[in-house]
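Visitor: If you want the building blocks of each chain, they are given just below.
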Amino acid sequence: MDTAITLIQIALGAALINNFVLHYFVGICPFLGVSRRVDTAFGMGCAVTFVISIAALLSWVFTYFILRPAAPVPTWVWRVCGGDPRTTVDLSVLSYVMYIFVIASSVQFVELYVRKFFPYLYKSFGVFLPLITTNCAILFACLEIMKRLQDPDRLWGLHEALTLAVGGGLGFTIAIVLMAGIREELDMCDVPKPLVGAGIGLITAGILAMAFMGFTGVDKGIENAINLLLR
Amino acid sequence: MLTTVTMITAAVVLALLAVATGYVLGWANRAFRVDVDPQVEAILDALPSANCGGCGFTGCSDYAEAVARGEAGVGLCAPGGAGCAKRLAEIMGVEVTERLPYRAVVHCAAHYPQRLQRTPYEGEPTCAAANLVAGVQGCTYGCLGFGDCVRACNYDAIGVVDGLATVDYRSCVGCKACARVCPRNIITMVPFKAERMLVVACSNQDMGPDVKAVCELGCIGCKGCSRRADRMEMDGNLPVIDYDRYGSAGDFQVALEKCPRASLVFVGKPSQEDLAAVADEHLPDEIRADFKTTVDDTEWRG
Amino acid sequence: MALPGPTAAERFFNGILPENPVYRQLLGMCPTLAVTGAVKPAMTMAAATAFVLISANGIISLIRGLLRPHLRILVFTLTIAAFVTIADRALQAYMYQMSKELGPYVPLIIVNCLIISRCEICASKQNLGVALADAVGMSLGFGLALASIATVREILGSGTWFGLPVMPSGWPNWGIMVLPPGAFLTLGLLLAVAEWIGLRRQEKGTET
Amino acid sequence: MSKAPRKGGYVSQAWLVIVLALLYGGALAGVQTTLGPRIAENKKSETYDVIPHLVEGAARAKTTERTVTGAVDGKPHPVYRAVTGDGTLCGWALPATGLGFADRIDLLIGLCADASTITGIYVLEQKETPGLGNLIGTDEFRGQFAGKRADEPIQVVTAGPVAGNEIRALTGATISCDSVADIVNATVENLREPIRQLGAQEPLEPNDVPRGRGG
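Chains as they are written, first to last, in our numbering: chain A, 47 to 277; chain B, 2 to 303; chain C, 354 to 561; chain D, 9 to 223.
Bound-form chain A, shown alone:
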């Protein structure tokens, strides 16, 4: 039961309350760049959700076994070298390099795989994949997972990491599709000349962000509600 509540909270937090785009400002570039039409925006959202899940899976594995403090692999190496068992080898300094490496190569792998086995999917989503490599949202998800694997007393499991990734990807999709819907209408409007383009896009995003602030406290409320029900 506790696990279920935690997972719901993680998913809600990543998708709505602390929306990747509108609260943490990660993935701003595709959010503003690929939000001209609803269908392409949805394609981008799906591609990001997919890649973010794969990256989260890989980064959890790497972090858990190699990069976190007191991880199995470096500890084993230290033992084999006959080092003092009270200290450990800490490889966390490699985290960023490994994450970006993993993201770049998994994006390329996914691209090749999808092109071979799902040519129709590739036709519609393929163009977005290279854009995703430099998408902050993916790296951000890896970093969040890393943060939760620092404290040896409260390690995140794989299911929690994946929930965060899928929730974050869904939140990105919701935000970018909303934005695309608004911008399709905006194309019909008479926008003051200096604001055309970037300016009005950012202001729209600001208003969306304000709307999303309304979700603040929902996770707390759900926790309270479930506790009341259980009592």
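No wet-lab data here; the hints were simulated from the structure. Glycine included, each C-beta is placed from N, C-alpha and C at the ideal position.
Output of the computed footprint for chain C on chain D, the stretches with three or more beta carbons under 8 Å from beta carbons of chain C: (1) 27-33; (2) 136-143.
Far from chain B by the CB rule (all over 10 Å, computed), these chain A residues: (3) T52; (4) F88; (5) F96; (6) P115; (7) N270; (8) I272.
Below, simulated EDC-like cross-link-like pairs (lysine to aspartate or glutamate); rule was C-alpha separation at most 16 Å, straight line: (9) D:K52 to A:D197; (10) A:K193 to D:D114; (11) C:K453 to D:D114; (12) C:K453 to D:E133; (13) A:K193 to D:E133; (14) B:K194 to B:D252; (15) A:K193 to C:E454; (16) D:K70 to D:D57; (17) D:K135 to D:D111; (18) D:K83 to A:D48; (19) D:K52 to D:D114.
Keeping the supplied structure of chain A fixed, place chains B, C and D upon it in accordance with the hints.
Guide: Chains B, C and D only, in chain A's frame:
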């Protein structure tokens, strides 16, 4: 000791990762190889990637594949024009079959003042919707003027002027998008053998009195033109110009003079005389609606 | 190429205003929005970015002869990630509170397109001097942009500048300015101002 | 990528990447071993610096970390044992965490030596609404917790005078204040009894070695 082991482990881990990634990607590149026909890629490169669908295929890549399979001609790309056709012919090693530039023609000439029996319509402002309602205007054949064709056009080449869809032939590329959406099917594609072409600017198939009751300009089916010009024939109550045998505008001079209505008109790019006639008129600064002023094409990067 | 590229000095000044990375090129939007709630973190961020940009540009320029076309992006990201790690550890060691405040945005410098695009456009083609001048100019431009946004947000949102009170004591702090929506609105309006100045200048140019 | 690369060709082509990976890996590990201890020290100080403000008379250098098993959840929890300069036990500091209005709130709770009274709380990390919820970090709000009894839960009141184990909520931030009170109540209830026992068991211990927690 700790420092050395940490450094060596770190370096080895990273290098192993690099080797493993290189190997996996190399393997994936071979295992997941998709044999893309080099011809298709070359054709795709030569196409303008407008994805307008004017060729009748869904998007440029579909058309490229069809050309490579030999199922489609090389000259179907309207936006690409003759240059594109020539490049495709070179790639495929075939002769370019000559293809005239087809342009959209609206077979209606009546603006609001000339259309009779109009009633106010306050439903959804699209032609498709208005076409389902009886009595929006007397003529059940002519242009409705709600601009479905304008929205379909990717090239800013058609606009509604005083209730009548009007093609701007300086921008039209002949992609047929407008003809496909017109619910009354009054837009057709005409091969432009000259800069300006004679067209029948009416679609009303009714008898003379009925036409007169609903329009001040429409064709009354008097057959005057088809009797005088051998390149025109009657199809029901409307004359049809045989564009296969269309030589020059002079062939139709007599017919044009005899037309009692205003159903035979020239359309096309403005001629020198037209420009000279309006040269001394003062035009307002803004003469054309710019349909896409608020479309932003800013590029965003990380 | 027959034409010689811009000289080092031109590159340097280009980065500051004419090709300002934020206002003109819309590069590196994440940090621009995320850390500009106050001037201090914004300036720390700008300094960290400058360190990474200058070092990465230098290294890439030195090894530009060894780059292979299809692997160059990988080499760029690897180099950038290494320098970002160094910057991040240095911040944690010497400015712990600040590094906590900046949180994930320091590692996110890796995916700041400003750096990778400078590596691609300039450093991989130019010699060391030009690459460094370009990096310094771009960093200054980025710093200026961050400072301008952070100034507006901090003064309106907290009534302070660099932590010093500047507004009259009765100033009701606009809480929204330091929250995420404030970032979007401020940058949107500042971009509009920059655009408006550009338009005005164009008009004047055509009149005279 | 139109021509098929030879087997192994990918790896040999990537020699620059591998060499760079080796170099960077070594260099980064060097940075880590140089700066690592300092970073670990920073992380520790963050908590240790606060303890003297929470527990009167505590000497920072003599504070040590212990692990106790929660009475309610049965899980291990770290606690800090605050000791005066001359080595007598003067109080405890408990790290506590829970969900606030916006995000997690991390607190440090001070208890007196026999775990009967709360000596103060300190907000280590919070992301509550600026101008409203984030005022939980002010001395005015935190100060209300000092001297409250640990054996009964703290109540939050929104209006009227406070009495006994009650604290006054901040205007416009009732949920944030409730959250803080909930976190304090839950943690104190969970750890009060184990701490009391721990204090009774080991009034003085000569070798207080801090448990290593990786940095």
